[in-house]
Amino acid sequence: MKTSTPVRLPSKLSPHSKTAPGAQGIWNGTISFSLVAIPVQLVKAVDSGRISFHLLHNKDYSPLQRRMFCPKEEKIVPPDEIVRGYETGPDKYIVITDEELASVSPERSRTIEIIEFIDMKEVDPVYFDHPYYLVPAKGGEKAYRLLTEVMRRTNRAGLAKFVLGEREYLVAVYSSEGALALITLHYSEEILPDEDISPKEEKIESAEKTHIEKNIRKLMADFDPDKYADRRRKKIIDLLKKKLKEIPPVEAPHVEEEAGEGPADLLEALKESMLKVKKNR
Amino acid sequence: MAGKAIWKGYINFGDVNLPVKLHTAVREDRIQFHLLHRRDHIKLHQQMICAYEKEPVPAEAQVKGFEVEKGKYIVVDPSEIEQADSESTRLIEVHDFVKTGQIDPIFLERVYYLEPDTNVKGYNALAGALKEMNIAGVCTWAMRKRYYLGAMQASGKILRLTTLRYADEVISAGSLEMEDIPLSEKELKIGSDLINQLTVPFQPHKFENEHQKKLHLLIEKKARGEKIAVLRPRQLKPTASDKLLQALEASLKRVA
Numbered sequence: 000m001k002t003s004t005p006v007r008l009p010s011k012l013s014p015h016s017k018t019a020p021g022a023q024g025i026w027n028g029t030i031s032f033s034l035v036a037i038p039v040q041l042v043k044a045v046d047s048g049r050i051s052f053h054l055l056h057n058k059d060y061s062p063l064q065r066r067m068f069c070p071k072e073e074k075i076v077p078p079d080e081i082v083r084g085y086e087t088g089p090d091k092y093i094v095i096t097d098e099e100l101a102s103v104s105p106e107r108s109r110t111i112e113i114i115e116f117i118d119m120k121e122v123d124p125v126y127f128d129h130p131y132y133l134v135p136a137k138g139g140e141k142a143y144r145l146l147t148e149v150m151r152r153t154n155r156a157g158l159a160k161f162v163l164g165e166r167e168y169l170v171a172v173y174s175s176e177g178a179l180a181l182i183t184l185h186y187s188e189e190i191l192p193d194e195d196i197s198p199k200e201e202k203i204e205s206a207e208k209t210h211i212e213k214n215i216r217k218l219m220a221d222f223d224p225d226k227y228a229d230r231r232r233k234k235i236i237d238l239l240k241k242k243l244k245e246i247p248p249v250e251a252p253h254v255e256e257e258a259g260e261g262p263a264d265l266l267e268a269l270k271e272s273m274l275k276v277k278k279n280r
Numbered sequence: 000m001a002g003k004a005i006w007k008g009y010i011n012f013g014d015v016n017l018p019v020k021l022h023t024a025v026r027e028d029r030i031q032f033h034l035l036h037r038r039d040h041i042k043l044h045q046q047m048i049c050a051y052e053k054e055p056v057p058a059e060a061q062v063k064g065f066e067v068e069k070g071k072y073i074v075v076d077p078s079e080i081e082q083a084d085s086e087s088t089r090l091i092e093v094h095d096f097v098k099t100g101q102i103d104p105i106f107l108e109r110v111y112y113l114e115p116d117t118n119v120k121g122y123n124a125l126a127g128a129l130k131e132m133n134i135a136g137v138c139t140w141a142m143r144k145r146y147y148l149g150a151m152q153a154s155g156k157i158l159r160l161t162t163l164r165y166a167d168e169v170i171s172a173g174s175l176e177m178e179d180i181p182l183s184e185k186e187l188k189i190g191s192d193l194i195n196q197l198t199v200p201f202q203p204h205k206f207e208n209e210h211q212k213k214l215h216l217l218i219e220k221k222a223r224g225e226k227i228a229v230l231r232p233r234q235l236k237p238t239a240s241d242k243l244l245q246a247l248e249a250s251l252k253r254v255a
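As given, the protein sequences belong to chains A and B, one line each in that order. Counting from 0, one number per residue, gives the positions in the first sequence under numbering that gives the first Met the number 0. Counting from 0, one number per residue, gives the positions in the second sequence under numbering that gives the first Met the number 0.
Hints in this document: simulated from the structure, not taken from any laboratory. Hints are not guaranteed to be accurate.
[Unchecked claim] Here are the computed lysine-lysine pairs in the DSS-like style, where the Cα-Cα straight-line distance is at most 25 Å:
#1 B:K144 <-> B:K7
#2 B:K3 <-> A:K199
#3 B:K120 <-> A:K208
#4 A:K137 <-> B:K185
#5 A:K244 <-> A:K233
#6 B:K20 <-> B:K130
#7 A:K213 <-> B:K130
#8 A:K74 <-> B:K71
#9 A:K71 <-> B:K42
#10 B:K98 <-> B:K71
#11 B:K185 <-> B:K20
#12 B:K185 <-> A:K71
#13 B:K226 <-> B:K205
#14 B:K252 <-> B:K3
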């Protein structure tokens, strides 16, 4: 009888494991304020794919890969044969190259230029979109440290615009525990007005308010995000743990790593935007 | 106008029970591109390809697997995952009230406006109390099969509900372990002066998505068959650490 090696529970299934900050940068460039330029790398601040499932082929349990497919030729199209098109009519497209895209705002595609500083408290949270961190690249450590420390002391955030792929982002950069955090902001035209749903009658009745305040006071506490876990995720973790004990995991056939796939930037970008679309639904 | 109501529920804590409707607060307007085949401009579709057979796999032949170690998966049936889905209770349960400033912006995810539904008096009183005390209600609710964590806050006359990321989704700044490089008092002083000089009130309306407008112009130009001048992005030269003080002084001179 073959003794099967016990399967170790991956750290991903432990409820309190935190992924090490993304070693892989999303973007490399410079952050500047006035005459100071700091080489930096943009890294993620959120890792939501904790319990992420892979799609597998039911026949051989080989993982599936997202690829672009030409419906006319019925074949997979490699990245170097893919171009970006803007639809002007049915089946009519204007092709825009990467170089042309980069030419739209050439000064902003490599530099996060802080144009002004603000008090972060003035920013209505409705503007916040997605958080990231900036980490210093080689040679930028000291200037990075200075900007972080000075923003901490003055309690200020820097406002900047920069271009990543097909979009231009308005961002707020602020100091957080010795690092620079960057939050992309929505443009004001993207914020929907709320007047139409505001209460028509504005009077606050003091008896009603006193009653509510009494209830509130019983629940005053410090914000402790660790107190709340996603119950759905917990149930899925329990399910996976149970299944792992009952049946051995399936094994995918070995596949040589594909070489020469070339830069998959476009595909990555597409994947990102698809995720975004899904999230926004 | 606010987005249309997407969900109805009851804010609940102690003996307070207030019916509200959720409305989306943000609508993104982004230019859309398609991916095309270079030679004939046929629009490409995304397909799932079997890494082993290199063939497209139809949806009915796809299964979900959780990777326990490289190449090894626990296969999970959709019906098993469904059991983890929440049952909608229509309750937005407030667990704690916390000082607004204690919630790091990194936790904030999506904002919804809350519209009062029937009990306007109670709604106004709650909004008034939250505003006066400068607090947020930390709450949970189940909507569209998911459990949400959120912060309920007052903004003007309106209550808002912002979904919060769960603690294990957020990478803390502390975990980046930044190096503590010594700085001179002079560098810090000039740096602070410079930032103070460059500080203005936050005026979001003055920022437009110029890039999107320029991108539309570029597309129009190309549609007319005009040639597009390709400009190279410029990379700034990093400020060397022994030139930092000099750069700060020169910057301050420029703005003062």
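Verification of the hints:
no.	hint	verdict
1	B:K144 <-> B:K7	holds, 14 Å
2	B:K3 <-> A:K199	holds, 18 Å
3	B:K120 <-> A:K208	holds, 9 Å
4	A:K137 <-> B:K185	holds, 24 Å
5	A:K244 <-> A:K233	holds, 17 Å
6	B:K20 <-> B:K130	holds, 20 Å
7	A:K213 <-> B:K130	holds, 15 Å
8	A:K74 <-> B:K71	violated, 28 Å
9	A:K71 <-> B:K42	holds, 9 Å
10	B:K98 <-> B:K71	violated, 46 Å
11	B:K185 <-> B:K20	violated, 54 Å
12	B:K185 <-> A:K71	violated, 67 Å
13	B:K226 <-> B:K205	violated, 32 Å
14	B:K252 <-> B:K3	violated, 52 Å
Figure legend: structure checked against the earlier numbered hints; hints not met, in rising order: 8, 10, 11, 12, 13 and 14.
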